[in-house]
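Undergrad: Those protein sequences? They're chains A and B, same order as listed.
At position 107 of the first sequence (counting the first as 1) the number is 107 in this note's numbering, and the numbers step up by one without a gap.
At position 41 of the second sequence (counting the first as 1) the number is 41 in this note's numbering, and the numbers step up by one without a gap.
These are calculated hints, taken from the structure and not from any lab test.
Note: identical chains are not told apart, hence a pair may lie in one copy or across any two.
In silico DSSO-like pairs for lysine-lysine, Cα to Cα no more than 30 angstroms straight-line:
id	residue 1	residue 2
1	LYS262	LYS78
2	LYS286	LYS143
3	LYS135	LYS286
4	LYS209	LYS286
5	LYS43	LYS286
Number of protein chains: 2
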Amino acid sequence: MRSLPHFRRMVIAGVGLIGGSLALACREKGVVSEIVGVGRGEKNLQDAVALKVIDSYTFKIEDAVKGADLVILATPVKSLARLAGEMASSLSPGAIVTDVGSVKEPVLQIEDLMPPGVHFVGAHPIAGKERSGVKAASPALFKGARCILTPTSKTHPDALNRVHALWEMAGSYVIIMDPARHDRIFAAVSHLPHLVAYALVNTLLDLEKSEEGLISYSAGGFRDFTRIAASHPEMWKDICLMNRENIIEMLEKYETTIGRLKSIIRSGDADALYDEFERARQVREKL
Amino acid sequence: MRSLPHFRRMVIAGVGLIGGSLALACREKGVVSEIVGVGRGEKNLQDAVALKVIDSYTFKIEDAVKGADLVILATPVKSLARLAGEMASSLSPGAIVTDVGSVKEPVLQIEDLMPPGVHFVGAHPIAGKERSGVKAASPALFKGARCILTPTSKTHPDALNRVHALWEMAGSYVIIMDPARHDRIFAAVSHLPHLVAYALVNTLLDLEKSEEGLISYSAGGFRDFTRIAASHPEMWKDICLMNRENIIEMLEKYETTIGRLKSIIRSGDADALYDEFERARQVREKL
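Given the sequences, and given the hints that come with them, work out the whole structure.
TA: Okay, structure coming up:
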């Protein structure tokens, strides 16, 4: 394991489940002296202070980052570039800026907004919970989870190493990946499943207009879809629009598979249908 | 509640999770004197005797049904018509034949195979477990679950009443429904979700051919899909082919929704995308 960095002043912009959990992990390991929260909702920031997630807070990121050597952007992906612009001129040389967004290519613009001597490293911790918000934060959230770092040719190697060490400290297994490859893979394994679930639930809602009570007949299988489709609509809207090209490509691949199943069913080809289902069944054993 | 019928000799063809659980519920309530199992696998039937699910067994349904006043067909839906044909001439007048199949219109042919004085009533208990087989059977499986009965104009009212009382005795909430409506509703709420899950898993398998390790990046959302797609491929193949027309219709409605989402994402219409997701999210609160 890499040697643990020590940070004097850490800023968490967006003190929710992810930002709050990373702050708690840093505290637990004693790798940070001071943690400053940035947000818009004062009640949430007060809760975060009461929970000892942060030491203090401010509403202005440009105030928070003065003298900070580590800035974690943990707000919705759509807001990252704006925040980067707001804080850029206040950042101190030597500071590291990193994020936790689930789309990585559009985040690259942050890199170009950084002043000389400030280094950006893109990160995507693969962690979550059904509950969100700082009250659900836990120093153990990232233990055993993967965290993907997406450096570019411009990324400073020392900054990359320090962010790597930070996530290892939090218990994550760090993977280095090209940002474009990250966005393509997550369009397939994360964004597509959410769209598939939203589409299924809405198809049944459409059907219920002419068949009242239809959804009440659903059982376990469908209930799992509604759980996925209950994810934050605001966040998923942003992800879909920021990873648009990859998601459209994945939706089209998915449409091809649906079309294939439909034509097998229509033709009554029992063997081919069995093969499709059996192939899918085996994946679970491998996971 | 209807008065409990008493059955002298009950035959369970297919002593698995559903057939076994119904047998156990009947025993617990003391509504049956003798239970005879019919199956192909002797080990399973021996297990069922050891678990006191059945009193005895035979491999030939025509032997089992002699003198029986209640015959439960709990084998895969595809085999129901064949079994009905095999046993028809051995059934005793007054016997009630019922099934537990998840597709109901194709089962109607059983009605026409019954000799005079023998009454068929279609049934679909909405119950299941991740584990299958007689060892997973429980007298409580149907408690609080729905059971749909699908009588036709030919169904004998007394037979319908007795089957109704049987499922109420097992703890189910009984719903009477037209067989065609049943098959349409379940194409939407049960069969379509399974196909959607199979298609998603297979799309990712296709993608993994050119992007090795892709599926290993999947998180909670996708894992739920693999659970659904791990269902018995043989059973789902039969259901899809037996409820073909309804399923194709539902797949087409689903394709329409996927196409709508795709065009909203392509056009970048954030408000419309948010509305789609928010609409889906609310369903969970209602369930």
